[in-house]
Amino acid sequence: NAGVTQTPKFRVLKTGQSMTLLCAQDMNHEYMYWYRQDPGMGLRLIHYSVGEGTTAKGEVPDGYNVSRLKKQNFLLGLESAAPSQTSVYFCASSYSLRGDQPQHFGDGTRLSIL
Amino acid sequence: GEDVEQSLFLSVREGDSSVINCTYTDSSSTYLYWYKQEPGAGLQLLTYIFSNMDMKQDQRLTVLLNKKDKHLSLRIADTQTGDSAIYFCAERPSGGYQKVTFGTGTKLQVIP
Chain G
16 NAGVTQTPKF RVLKTGQSMT LLCAQDMNHE YMYWYRQDPG MGLRLIHYSV
66 GEGTTAKGEV PDGYNVSRLK KQNFLLGLES AAPSQTSVYF CASSYSLRGD
116 QPQHFGDGTR LSIL
Chain W
273 GEDVEQSLFL SVREGDSSVI NCTYTDSSST YLYWYKQEPG AGLQLLTYIF
323 SNMDMKQDQR LTVLLNKKDK HLSLRIADTQ TGDSAIYFCA ERPSGGYQKV
373 TFGTGTKLQV IP
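Protein sequence lines, in the order shown, are assigned to chains G and W. All the letters of the first sequence, read from the start, carry residue numbers 16 to 129 under the working numbering. All the letters of the second sequence, read from the start, carry residue numbers 273 to 384 under the working numbering.
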């Protein structure tokens, strides 16, 4: 059982380039999330989705766009990458909003913007 | 808004107990989680507790909650080198969709 799979695992971009990070889950989870992890700051929510075709802004949405065209996939896009977006990006999913059904995380995408 | 605080670093000897502490600021009705992150990996849920509980034990892990002080701790008995990782405390208020707030993580170093 793969769980939550993120691709790519590593990427180096130049300032101004664009790219899309892919998250796929095989647990039939309704809810999906994108976080970024920076040193000394824990995880911060970028965008989330409460179901296929829906997205919503999180804590730090600026500079990112997302899409949830299929229930199992949640895409995070950077249209014009900036050095401040150098980070580790984590995707997560959960079956429901209930607190006793916590989020499951992928292994992360390490992104460097030069 | 919500805030979750943890110390940044803890070092223990193999075989000793580790205690990782966390304080939170949100409401009386909340879920509190402990996640483990090994190098190069994502966050793995270890255990969680609801705020109407005082304690939860799961094999070598014991979670203690002091609701009055909003203080949460994770005790790892007989700490092993494989327990070396970053441990994140997180909270999520109950009811509807609520944002999960993560602490900054505590790096646990186990000395052989």
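Keep in mind the hints are simulated off the structure, nothing from the lab. Glycine residues also receive a C-beta, built at the ideal position from the N, C-alpha and C atoms. Mixed in with the good hints there might be a few duds.
If you want the footprint, here are the derived chain W segments under chain G, 3+ residues with CB under 8 Å [said to hold, decoys possible]:
| # | region |
| --- | --- |
| 1 | 307 to 315 |
| 2 | 328 to 338 |
A short list of chain W residues far from chain G (calculated; beta carbon distances all over 12 Å) [what the hints assert, rightly or not]:
| # | residue |
| --- | --- |
| 3 | Glu277 |
| 4 | Leu282 |
| 5 | Ser283 |
| 6 | Val284 |
| 7 | Gly287 |
| 8 | Asp288 |
| 9 | Asn293 |
| 10 | Ser301 |
| 11 | Thr319 |
| 12 | Ser323 |
| 13 | Asp341 |
| 14 | Lys342 |
| 15 | Ser356 |
| 16 | Gly367 |
| 17 | Thr373 |
The calculated lysine to any residue pairs, modelled on SDA-like cross-linking and capped at a C-alpha distance of 20 Å, are [as the list claims (entries may be wrong)]:
| # | chain 1 | residue 1 | chain 2 | residue 2 |
| --- | --- | --- | --- | --- |
| 18 | W | Lys342 | W | Ser366 |
| 19 | W | Lys371 | G | Pro117 |
| 20 | G | Lys85 | G | Ala97 |
| 21 | G | Lys24 | G | Lys72 |
| 22 | W | Lys379 | G | Met56 |
| 23 | W | Lys371 | G | Ala97 |
| 24 | W | Lys339 | W | Met327 |
| 25 | W | Lys371 | G | Phe25 |
| 26 | W | Lys371 | G | Lys24 |
| 27 | G | Lys24 | G | Ala97 |
| 28 | W | Lys371 | G | Gly57 |
| 29 | W | Lys328 | G | Pro117 |
Okay, the hints, checked on the actual structure:
Check result for the region 307 to 315 of chain W against chain G: holds, 5 residues qualifying (beta carbon to beta carbon below 8 Å, three or more required). With 0 residues carrying a beta carbon less than 8 Å from a beta carbon of chain G, the region 328 to 338 of chain W misses the three-residue requirement, and the given coverage is violated. A beta-carbon of chain G comes within 12 Å of the beta-carbon of glutamate 277 of chain W; the shortest separation is about 10 Å. With a minimum CB-CB distance of about 16 Å to chain G, leucine 282 of chain W clears the 12 Å threshold, and the non-interface call stands.
Taking the minimum C-beta to C-beta distance to chain G, about 18 Å, the non-interface status of serine 283 of chain W holds against the 12 Å cut. For valine 284 of chain W, the condition that its CB be more than 12 Å from all CB atoms of chain G holds, with the nearest at approximately 22 Å. In this structure glycine 287 of chain W is separated from chain G by more than 12 Å, as the shortest Cβ-Cβ distance comes to about 30 Å. Non-interface status of aspartate 288 of chain W relative to chain G is upheld: no Cβ of that chain comes within 12 Å, the nearest being about 26 Å off.
Asparagine 293 of chain W, annotated as away from the interface, keeps every beta carbon of chain G farther than 12 Å; the closest lies near 15 Å. A Cβ of chain G approaches the Cβ of serine 301 of chain W within 12 Å, the least distance being about 9 Å, so the stated non-interface status is violated. Once the 12 Å rule is applied to beta carbons, threonine 319 of chain W is inconsistent with being away from chain G; the minimum gap is 10 Å. A Cβ of chain G approaches the Cβ of serine 323 of chain W within 12 Å, the least distance being about 10 Å, so the stated non-interface status is violated.
The Cβ of aspartate 341 of chain W lies farther than 12 Å from every Cβ of chain G, with a closest approach of about 21 Å, so its non-interface assignment holds. No beta-carbon of chain G is positioned within 12 Å of the beta-carbon of lysine 342 of chain W; the least distance is around 17 Å. Chain G leaves serine 356 of chain W outside its interface by the beta-carbon criterion, the shortest separation being 18 Å against a cut-off of 12 Å. With a closest Cβ-Cβ approach of about 9 Å to chain G, glycine 367 of chain W is found to fall inside the 12 Å limit, against its non-interface label.
Against chain G, the non-interface label of threonine 373 of chain W is violated: not every CB pair exceeds 12 Å, the least being about 8 Å. Taking the CA atoms of lysine 342 of chain W and serine 366 of chain W, the gap is about 16 Å. The hint holds against a cut of 20 Å. Simply put, lysine 371 of chain W and proline 117 of chain G have alpha-carbon atoms about 12 Å apart, close enough for the 20 Å limit, and the pair holds. The straight-line distance between the Cα atoms of lysine 85 of chain G and alanine 97 of chain G is roughly 28 Å, outside the 20 Å bound, and the hint therefore fails.
Distance restraint check for lysine 24 of chain G and lysine 72 of chain G: the Cα-Cα separation of roughly 24 Å exceeds the 20 Å cut-off, and the hinted pair is therefore not satisfied. About 13 Å separates the Cα atoms of lysine 379 of chain W and methionine 56 of chain G, which keeps this hinted pair within 20 Å; it holds. The suggested pairing of lysine 371 of chain W with alanine 97 of chain G is violated, with an alpha-carbon distance near 26 Å, which exceeds 20 Å. A C-alpha spacing of about 11 Å is found between lysine 339 of chain W and methionine 327 of chain W, which places the hinted pair at or below 20 Å, so the restraint holds.
Annotation: proposed proximity of lysine 371 of chain W to phenylalanine 25 of chain G is violated, straight-line Cα distance about 27 Å (limit 20 Å). Under the criterion of a C-alpha separation no larger than 20 Å, the hint pairing lysine 371 of chain W with lysine 24 of chain G is inconsistent with the structure, at around 26 Å. For the suggested pair lysine 24 of chain G and alanine 97 of chain G, the alpha carbons sit about 19 Å apart, so the restraint of at most 20 Å is met. For the suggested pair lysine 371 of chain W and glycine 57 of chain G, the alpha carbons sit about 14 Å apart, so the restraint of at most 20 Å is met.
About 16 Å separates the Cα atoms of lysine 328 of chain W and proline 117 of chain G, which keeps this hinted pair within 20 Å; it holds.
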